[in-house]
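Visitor: Turn these sequences into a full structure, and let the hints guide you.
Protein chains in written order, with the numbering used here: chain V, 1 to 349; chain U, 1001 to 1171.
Rather than coming from a laboratory, the hints here were simulated on the basis of the structure.
A couple of the hints might just be wrong.
[Claimed, not checked] Which residues of chain U face chain V? A few of them, derived with a C-beta cut under 10 Å, are:
#	residue
1	Ala-1018
2	Asp-1046
3	Ile-1053
4	Lys-1054
5	Thr-1055
6	Ala-1080
7	Asp-1087
C-beta atoms are modelled at their ideal positions from N, C-alpha and C, and glycine is treated no differently.
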Amino acid sequence: MSASLTSPAGGQDGSRPSLSLRTFLMRPEFTAVVGTIVVFAFFAIFTGSAGFLTVAMTRNYLEVAAEIGIIAAPITLLLVAGEFDLSVGSMVAASEVIISYLTVDAGWSLPAALGAAVVAAAAVGTINGYLVVRTKLPSFIITLAMLFIVRGAAQGVLRMLTGTSTIDGVREAVGAAPSALLFSSTVGPLSISVVWWIAITLLAAWVLDGRVFGNWIYATGGNQAAAVRTGIPVNRVKILLYVAVAVSTTLVAVLDLYAINQGSANAATGREFEVVTAAVIGGALLTGGYGSPIGTLFGALLFGMVDQGFFFTPLPDVWFMTFLGLMLLLAVFINNYTRMQALKPRGRS
Amino acid sequence: MNALGAKHALVITTPIGAIPFVDARTNGFRKAFKGTSTLAEIPVSDLNSSNRIKTITETQLQKDQSIDAVFSIGSCCIAAMDQARTDLGDRGKSMHWGTIDLTAGGMQAIKNHDLDFALDAQQYAQGYYPVVMLALYVRQAVRPAAASYPTGPAVITPDNVARVQAATGSR
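Guide: Below you can see the structure in the form of structure tokens.
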């Protein structure tokens, strides 16, 4: 309707709207942004009266989204660089075990325990990265192995130490330490994890599109052979990204510890797939060279909304996973279609 | 829950059919509870994420304001339930909260009167001991002398939680 109205007036520069439309469609964020709006509208219209729009429920789905998005932002950079990391969920659990054991049972302060967890996570990230670049084996396999190793170690070590799989009472053990405010505060009605989520997303976006290091990431995932020949330290880029991903899991761990006051060796099971899903909905290609942390933010937001909004629908809860799967499939189809449409006229093969 | 005067209970459980022993607990509760039961069915993939158990629980409580009691089907969901009670503020305080199984956090919650009761599944009394009894009966035709077998409190309430804590330590 609006197109037929504007085209006569547009006259000779009629190509402009289609160009800008294509530019818009080509943005990796496109599907995630539109999808988020559609999903939000869907739940607002059909479940708004049941309480989906209340402040408490908004806080809840933003918190779920933040715990995905904080890891998904560095994961997006890693995907752009052409590598996977499936060990993130188990690293969240390991960090929770380390922090909760050291604070509750060993009496450490929160900064010390957090520091220990960051060191441990960074070590795992370094091993991940080093093994991937040295062996040149698919990172899918290497980090899948790491998933099992770390998850098993988290469960095994905690059982050796305490005979349980969870540790309660981190809040009471740490008390009102100033450092705790970084992870337990609220911002208005929302939890502070949302602030971390947005800050880390912006940082990732700035690194990817505003820094030389970002160009290195694109080059590493886009065409590694060419990147090596132009002197880009491809291996260092990858290892650094693995470390960044690992450290982000520690942040999620401490936020989760505070959100629920319990550390669990089984925490974040399956999180590795959720973060990749968020990145892919956000436009990242699993083959590398393409992706957007901003898109991933919307991907995580969409995931969080679906994850919580479904339970407002009158559908029986048992259908949740089927519903989630269909939503994701739809998002990826639309993503793929719009990208193909957008890229076609330029004849890129 | 009946004794506490609850009319409408939310049962935090897994989708019916997902984990059989949980189904048995859920159905047992629904059969014995005289009021209405609504289920918060936590997807098995979220069962280890206390934060999501909490948010799904709060969603169900938001949807139906007539719910006046929450019952967790196992130790999985005690931390989440406790946080939901805190988040709900005054409504949370006016409701009844109970669980099967006991955790360190659960004991603390009973002590603080945040949790009304916990049903302690006694692995020794319910699992190991009957096997010993049956084995003795089959092999030596020995039967327990007493008709009843006294064990620790199976229903943990603020009145007897100190005894349990003294006996088990903090976990």
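Visitor: Work down the list of hints and note, for each, if the structure agrees.
Guide: Against the structure, the hints come out as follows:
1. Interface restraint check for Ala-1018 of chain U: the shortest CB-CB distance to chain V comes to about 8 Å, inside 10 Å, so the restraint holds.
2. Nearest Cβ of chain V to the Cβ of Asp-1046 of chain U: about 8 Å, under the 10 Å cut. The hint holds.
3. Interface restraint check for Ile-1053 of chain U: the shortest CB-CB distance to chain V comes to about 9 Å, inside 10 Å, so the restraint holds.
4. Because the smallest distance between the Cβ of Lys-1054 of chain U and any Cβ of chain V comes to about 6 Å, under 10 Å, the interface hint for this residue holds.
5. For Thr-1055 of chain U, the interface hint holds, the least distance from its beta-carbon to any beta-carbon of chain V being 4 Å, beneath 10 Å.
6. With a least beta-carbon distance of about 6 Å to chain V, the hint placing Ala-1080 of chain U at the interface is held under the 10 Å criterion.
7. Hint status for Asp-1087 of chain U relative to chain V: holds, with the closest Cβ pair at about 7 Å, below 10 Å.
Figure legend: structure checked against the earlier numbered hints; every hint is met.
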